[in-house]
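S.K.: Chain by chain, the residues run as shown.
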Amino acid sequence: MKKICLIALALILCVVPFSMAKTPKDTLVMASRLDDLITLDPAEIFEFAGAEYAANTYDRLINYDVDEVSKIYGGIAESWTISDDGLTFLFKIRKGVTFASGNKLTADDVVFSLQRVVILDKSPAFILTQFGFAPENIKQTIVKVDDHTVKMVINKPYAPTFFLYCLTSTLGSIVDKADVLAHEQNGDLGYGWLKTSYAGSGPFKFKAWKPSESLILDRNDHYWGDKPKLKRVFIRHITESSTQRLLLVKGDIDIARNLQPVDIKGLAGNKNIVIRKKAKGAVWYLGLNQKNKYLKIPQVRQALKYLIDYKGIEGTILSGKGTIHQAFLPKGFLGALDENPFSLNVAKAKALLKEAGLEKGFTVTMDTRNSEPTTSMAVAIQGTFAQAGIKLEIIPGENKQTLTKYRARKHDIYIGRWGPDYMDPHTNADTFARNPDNSDNAKAKPLAWRNAWAIPEMTKKADAAVLEKDAAKRAQMYLELQREHQQISPFVIMFQDIEVVAERANVKGFILGPSFDSNFYQFVTK
Amino acid sequence: MAPLSRFKKTSAKTLKLFLMVAVTFLGLLLITFLIGRVVPIDPVLAVVGDKASQEVYDRARIAMGLDLPLWKQFFIYLGSVLRGNFGTSVLTAKPVLEDILRVFPATMELAFFATLFGIFVGIPLGVISAVKRGGFLDHISRVVGLLGYSLPIFWLALLALMIFYAKLDWLPGPGRIDIFYEGIVSPVTGFLLVDSVLAGEWEIFRNAFYHLIMPATLLGYFSMAYISRMTRSFMIEQLRQEYILTARVKGVAEWKVIWGHAFGNCAIPLITVVALSFGSLLEGSVLTETIFAWPGLGLYLTNSLLNADMNAVLGSTIVVGSIFLGVNIFSDFLYKVFDPRAR
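Note that the protein sequences, when read in sequence, are chains A and B. Our numbering puts the first residue of the first sequence at 1, with every later residue one more than the last. Our numbering puts the first residue of the second sequence at 1001, with every later residue one more than the last.
Certain hints may be false.
[As the list claims (entries may be wrong)] Derived contacts from chain B toward chain A, CB cut-off under 7 Å, selection only:
| id | residue |
| --- | --- |
| 1 | D1042 |
| 2 | D1050 |
| 3 | P1095 |
| 4 | L1161 |
| 5 | Q1238 |
| 6 | P1295 |
It should be emphasised that the hints constitute simulated quantities derived from the structure, not laboratory data. C-beta: ideal position from N, C-alpha, C; glycine also.
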């Protein structure tokens, strides 16, 4: 009995109001999803959370303007020159840059960082190796000229911006050679260490990472540019949208990054909260497998494009988190096509199906990852397909599960989201409009391959576009490519992603870029 | 009984126990391993991502040993587990053992306090409703129990957050601790409550405790519902027995009849009930952990499973399995202590 009384007493004590502490003035507290943060090594990072981490803790050779992507400016490279044949790039390395470790940044670090990407050959390495860099030739193709000059030689006279944009991606981050090599084990170029550690020169430096729990960045007092006002950025892994919203309203976090439409709507009218939006590069699409006997009929592909209620999904399901976009290049990219010829038109779709001899309709399946907004989109599509007699069976699955099936070309229809790997148009042309080898054991397996779409002619056009040096001409080539692609391809491209963040009204200066590797905390004040 | 034969009997028993544990573990590992290989998720994907080139993909596949026949893969894994190596998690880039040591204490703290709540509220509630069958409290406890079984925990958790955190401000929000205190106490045991006391940081102890109250109570509510219903039926069974009548006739005080005689006999089966409900809390708290952003084992296990991070899944399974087995052996042992018939 005594024990019970004690416990009761303890419980009563607990009800004494808990004094709430708000976020510290010099610390930015953010709720985000960190479950895709699986490595801290810029040579390996290829996911959203990782790209954002590297963008704030490392310096890259070159950057692009977040509001006008076509403007490229120097980062660690102050300036550069390109030889007349378009093959040799000379980069002048900025003086006076210091790593967080205190080491000086020189051409050695730049050469080492890029060579390291090629030698380690992790997932994102193709962004560099597509220029002919390989472990065998890397000592000749990326070389130090003097302490502040680096020379790089690529294998084809590509459009120069293609190479430059590739260097703006995460793998263009410069690592501290001395520090990394000090942690090398069995010739791994410090990979085992840097996976969970840090060797950069960015405005913030890495402090601590607890996987799927939290990530802490501290101000880098050695930073060469404008030093952040914040002392610390604290990112907390919170998956639940409603939890993020509660914390934000209470002021226990400054920024919520992953709110669902229902919670965004719920915050409207709250004076303490500001909602901001920025179009991101990812596009939502349906992939129609050309191994399916119905889907390979051109009229069927065309009909399906008329059987989606684009407006309805944009308004009710995405409600602010996406905008209608029907070409493979997202808005903001060079040569992006801003024409949306398709809308829900059941009569037209029926006519097309009749032309294909399928006026009675048919049955297909769609592999759908069971998370929002994918599920709701799938259900909406199921409804509109049914209006033309097409029975769509939704096969729900976890993300990795549906992806495994998709990569093996065993789907009928796959509903997915594709984000560009770098800011040059070739990134999406390469995957949506190129398929050099459609055989089952092809070397390259772009999205066109995954949907078994054999396109030798279009592949040639895409290859020509990436070699065009004149930007205006090049843009024109992509516009034409997209127009053709839009009509005939087995891709029903539907929407472009919009990132929505909710901030406390006192938070200013969080830069949202068109990609996760251009979301910057450097100028945040609160 | 001669000392020698007693020794023989004991060692035979120990051997039997040991064999049972070994077989259980082997079975557990084999089944988990097979499930991990049969699920239609490509484990290489979790390592290299969707966009890796074919060469990178193939290299990773070979490095992970996935090109070998299934039985070979299993024996290689078994061998390294026996040497104490659980492998590296592909999601966290850290050794699985290190991950588990980090996430497990968070879950233990939660499960421990939840079970305490379940015991100290559930048992009295069960006893009282058995004694005053059909009474007001009995009806209340039935409703509470029914809700405990049927309400989805995430809904209840959100509701509790809305009321006690957002509206009333009585309790802190999600997370194990306020960010002010994050990283101040260096982990010794991983249990925040213990570590903060060891470091003499009472303010942190208080903060961590406040953070525990809501998730632990909610989680405990469900075991409370189970424990109180079980207690009630055990008690009703005992109160019908003749020795109760005898005790009452003898003039023993009523509270002593209830708590001393009847409850004393219920305590034995209740040990199993409590042990089982504790065990199920260890992996069954995924939803609570999600809503409260509680970095525990349930969340870790689920996340690993959905990414086919098999080292992490197998490692966590072994831990949960060991605890289940340990709790079972312990409750068997308690049986022997409390119940002469089981000796």
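S.K.: Among the hints numbered above, which are violated by the structure, and what are their numbers in rising order?
M.R.: Violated hints: 3 and 5; rest satisfied.
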